[in-house]
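Asker: Chains F and E: place on chain S using the hints.
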Amino acid sequence: MTELNGSFHEIALSDPLKARESNPRNGKTMIIDKGLGIRQFKDLLETAANYIDYIKLGFGTTALYPAAILNEKIALAEQFQVGLYPGGTFFEVAFYQGKVKAYLKLMKRLGFKKIEVSDGTIELPEQDRLQAITLAKELAFDVITEYGKKTDGSEVELEAMVQTIQSDLEAGASYVIIEGRESGENVGIFKNDGKIQSEFEHIAQAVSAYREVVIWEAPKKKQQVELMKWFGPNVHLGNIAPEEIYAVESLRRGLRSDTFFLQI
Amino acid sequence: MTELNGSFHEIALSDPLKARESNPRNGKTMIIDKGLGIRQFKDLLETAANYIDYIKLGFGTTALYPAAILNEKIALAEQFQVGLYPGGTFFEVAFYQGKVKAYLKLMKRLGFKKIEVSDGTIELPEQDRLQAITLAKELAFDVITEYGKKTDGSEVELEAMVQTIQSDLEAGASYVIIEGRESGENVGIFKNDGKIQSEFEHIAQAVSAYREVVIWEAPKKKQQVELMKWFGPNVHLGNIAPEEIYAVESLRRGLRSDTFFLQI
Amino acid sequence: MTELNGSFHEIALSDPLKARESNPRNGKTMIIDKGLGIRQFKDLLETAANYIDYIKLGFGTTALYPAAILNEKIALAEQFQVGLYPGGTFFEVAFYQGKVKAYLKLMKRLGFKKIEVSDGTIELPEQDRLQAITLAKELAFDVITEYGKKTDGSEVELEAMVQTIQSDLEAGASYVIIEGRESGENVGIFKNDGKIQSEFEHIAQAVSAYREVVIWEAPKKKQQVELMKWFGPNVHLGNIAPEEIYAVESLRRGLRSDTFFLQI
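Chains as they are written, first to last, in the numbering used here: chain S, 1055 to 1318; chain F, 1055 to 1318; chain E, 1055 to 1318.
Be aware that a few hints might be false.
To be verified - According to the in silico footprint, chain E covers these stretches of chain F (three or more CB under 8 Å from chain E):
id, segment
1, 1092 to 1104
2, 1116 to 1127
3, 1143 to 1151
Stated by the list, open to error - Across the chosen pairs, the derived CB separations fall in these ranges:
id, chain 1, residue 1, chain 2, residue 2, range
4, E, Glu-1266, F, Asn-1240, 33 to 39 Å
5, E, Lys-1245, F, Glu-1211, 28 to 34 Å
6, F, Ala-1214, S, Pro-1179, 49 to 55 Å
7, E, Lys-1245, S, Lys-1283, 23 to 29 Å
The hints are simulated quantities; they were obtained by calculation from the structure and are not laboratory data. The structure displayed is predicted, hence computed values, not measured ones. By construction, the Cβ of each residue, glycine as well, lies at the ideal position given by its N, Cα and C atoms.
Isolated chain S, as found in the complex (with noise of 0.2 Å):
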């Protein structure tokens, strides 16, 4: 991986490029993959591996990629050195059949360091969410979890969120994820026209104790712009496309029209 021109930094534009420089840095950006091809996956970690953080593999596609191919995707991320993980509902259908224990192994197996824990879609019991994040601690995962329904209409219920951020970190979770789907429409904070809902000060305030282990899931663009405005520009996102990975990374520094002049 080269480093940034450092021309950029030297001559010309010294002040946008210098917040995000911070090493390990913060802000972390996790990327949704819906089945890119290899060279796709290449051409990602080549350009923008220095502003990827995490990479999940979306819904349950894990299961779907040739062998060969899937193997490759494990062996550059690791080359990269970018987190990637199954996304929580192979984890669901996993816990679905009773096979939770199965499927970590199989995980660990195929080389995945990164696992979700989640329940967007099945009910999973507290005692069963405890224990699933346990076990997977003791495989050696880093475990990412998260909170919030996939259904239409679900709403973020702030007790119930604050608690399972709390419970989850103590269990041994490294990080909480707000649900937000692929769509950002319609489900946790975000209204039917993918906007921020108009309370969002009381979880903002809420989850400000939280701010370092919380990735909000905002695919869209004003949910970005409107997230960095809330938390400043090294908010974690996450579900980013992989094609908006230089757009986002864009407006955390302050080089997009939405956030140029964004109080740093």
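Answerer: Quick look at chains F and E alone, frame taken from chain S:
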């Protein structure tokens, strides 16, 4: 083409994967290619040829390719056993200029083995329609036809649709596509917002006798889900964007939230 | 670059293809590149360089590329004779920091031969605007300017637009872009739903004297179609997504339903 990783079947996730394993596979999927480059085309085939039955070169784009690239696409599709064919609009341009025979012969010479006969834009008298199908069959083409107009606000006329399906099949067509355009909005069975019209029950009933040979153009997720609810996960779907093929296959297998609990 | 397959012209489809064959071609098309990888970029050029005149590295994304990839893009664009240039927002960042000269020299050193001068986000006094154009011309840049604000709800002001076009051209600009953003919504001539505003007639009339030098940012199909109806299939179009270049070229040639019967 590597086989699906066997371990997914044996250990963790046997149930959702079984439904799609018949050979030849039921539930055909047709991709619309709006001008993919060769690397993307290879990516698509290497990653997803197992889930793709047909690739349509959308609209009249067939005419726009540099010869070397068009030839390579035709050869690659052949190699991966995916049926490639020029979009119906290209046929309609030829018909409108009185050059159907020259068109079919040229497509033949280029190496296409499949052809679409449609009248989404032009008026195509029934006699000409059947003549075109017959001519294509004589040239050993596998023929797909299409019912429906591309005009904004066009609707399915039940009797005309059933009659077209019947007479096209009698003339030698293998499949009949129901027009949905690339947008999936305000055309055929889709309303302005892309939802399936509320009186769909009559259409579904009328088509049920032909479900093995009808392909529904359904580019949007909610359309794909609704059609799976009407006809099962093996409903034939068309105009799927290349980047959505894993998402659609996930829906068919219950590996995505929207069809997780769909009774197969 | 292989020539278009001659047989399409001679035999089957002469008419729709002829309109775009002048050299140098009328009807410029500008692509917005939001961070394509090198393989995708090669795909784009190999497949569609015949139909692409300019590629803009959108927003300030130029600053985000690993040096090797940026250099390769610049070299590839040169090789395929497509005009590559950094998005206007990058210029505006430089102006806002009082570093226009350093910016232009750096872009020159990187190998760009074309540059955009815009004020979509910042206030750019007329004197500074003309100075920037002049300075860029002195550095042997081909200069494209832009009229219009990126703010939600911003509108075209007829007199100001005409005056800007005139003075930019006098200062040495080759083309003037009319702002439409990447979204094509609620900006310039576009309403909230992306449709062209109803009183467009006055604007079309005012611009008609400058139609050879005005590029309309029009990312959506209905916008492209409407502009073709106003100005003909050779209207200059910008902010075309890379994956839409064959669709747009099909529209220009009457190879897609929406312009099938458009009088050329």
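Asker: Evaluate each hint against the coordinates.
Answerer: Evaluated hints:
no. : hint                                : result
1   : 1092 to 1104                        : holds (count 3)
2   : 1116 to 1127                        : holds (count 8)
3   : 1143 to 1151                        : holds (count 7)
4   : E:Glu-1266 x F:Asn-1240: 33 to 39 Å : 35 Å, holds
5   : E:Lys-1245 x F:Glu-1211: 28 to 34 Å : 33 Å, holds
6   : F:Ala-1214 x S:Pro-1179: 49 to 55 Å : 54 Å, holds
7   : E:Lys-1245 x S:Lys-1283: 23 to 29 Å : 25 Å, holds
In this structure, every one of the numbered hints holds.
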